[in-house]
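Protein chains: 2
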Amino acid sequence: MVNYQERLDRTFAALTDPTRRAILARLEHSDSASISELAEPFEIKLPAVMKHLDVLESAGLINRKKSGRTVTVRLRAQPMREAMAWLHRYERFWSTSLDRLTVLAESAEKATRRTER
Amino acid sequence: MVNYQERLDRTFAALTDPTRRAILARLEHSDSASISELAEPFEIKLPAVMKHLDVLESAGLINRKKSGRTVTVRLRAQPMREAMAWLHRYERFWSTSLDRLTVLAESAEKATRRTER
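Chains as they are written, first to last, in our numbering: chain Y, 1 to 117; chain Z, 1 to 117.
So here's chain Y without its partners, still in its complex pose:
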């Protein structure tokens, strides 16, 4: 069984490539697509697309199902939930930076008003 850290490794590794992110974004809009539909917007050849799909599938981010001669690819977003939860703990840092910026902007505004009087 793949543990939490290994799942995060695979999810983040799957997301390091812009083509793989574009494939996931495409599936986000249409829920499922055939391999030729997925390959269409890219300039890379079909075997390269297939390799990206292998990485996405081994990270658990897509499912492939064959029916007749068509392979349907479907999004499995669940592993991204864990990745997002991992990132979530850093949220307070950017919230804090935003708070600091707000305080700075407000005190600058007050100072301007004082000099204007």
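Taking CB as the label site, the calculated pair distances span:
1) Asn3(Z) with Ser30(Y): 24 to 30 Å
2) Glu43(Z) with Asp54(Y): 31 to 37 Å
3) Ser67(Z) with Glu43(Y): 46 to 52 Å
4) Ile35(Z) with Glu43(Y): 39 to 45 Å
5) His88(Y) with Glu6(Z): 19 to 25 Å
6) Ser58(Z) with Glu43(Y): 25 to 31 Å
7) His88(Y) with Thr72(Z): 22 to 28 Å
8) Thr70(Z) with His29(Y): 46 to 52 Å
9) Glu37(Y) with Leu46(Z): 45 to 51 Å
10) Pro18(Y) with Ser67(Z): 34 to 40 Å
Honestly, the hints are just simulated from the structure, not real lab data.
Given the structure is predicted, the values throughout are model-derived calculations rather than measurements.
Built from N, CA and C at the ideal position, the CB exists for glycine as well.
Starting from the structure of chain Y, add chain Z where the hints point.
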């Protein structure tokens, strides 16, 4: 200048390693730390830790500052904000799955109540 896609590439790549994630998690607690403090919990040697810090710094996730003989490492969480925003769009998929589960659980409960009458 590094564009949006390249920034995402680097951020996700920096996050693919459990040691690098542990370094970031350590900095999340203490805001800043010396290199020896950061290296302490790991079984790997100092040069290996330094390599991980290089990756984190080139992804913009940490700052290193030298004062005398001590190098202080500080967290820069901002790039993770973009990564989280990217993941955020898939949230509706797991929310939908949760909604479906809630509906299933509720109808199962209703069915149980009906048979109990």
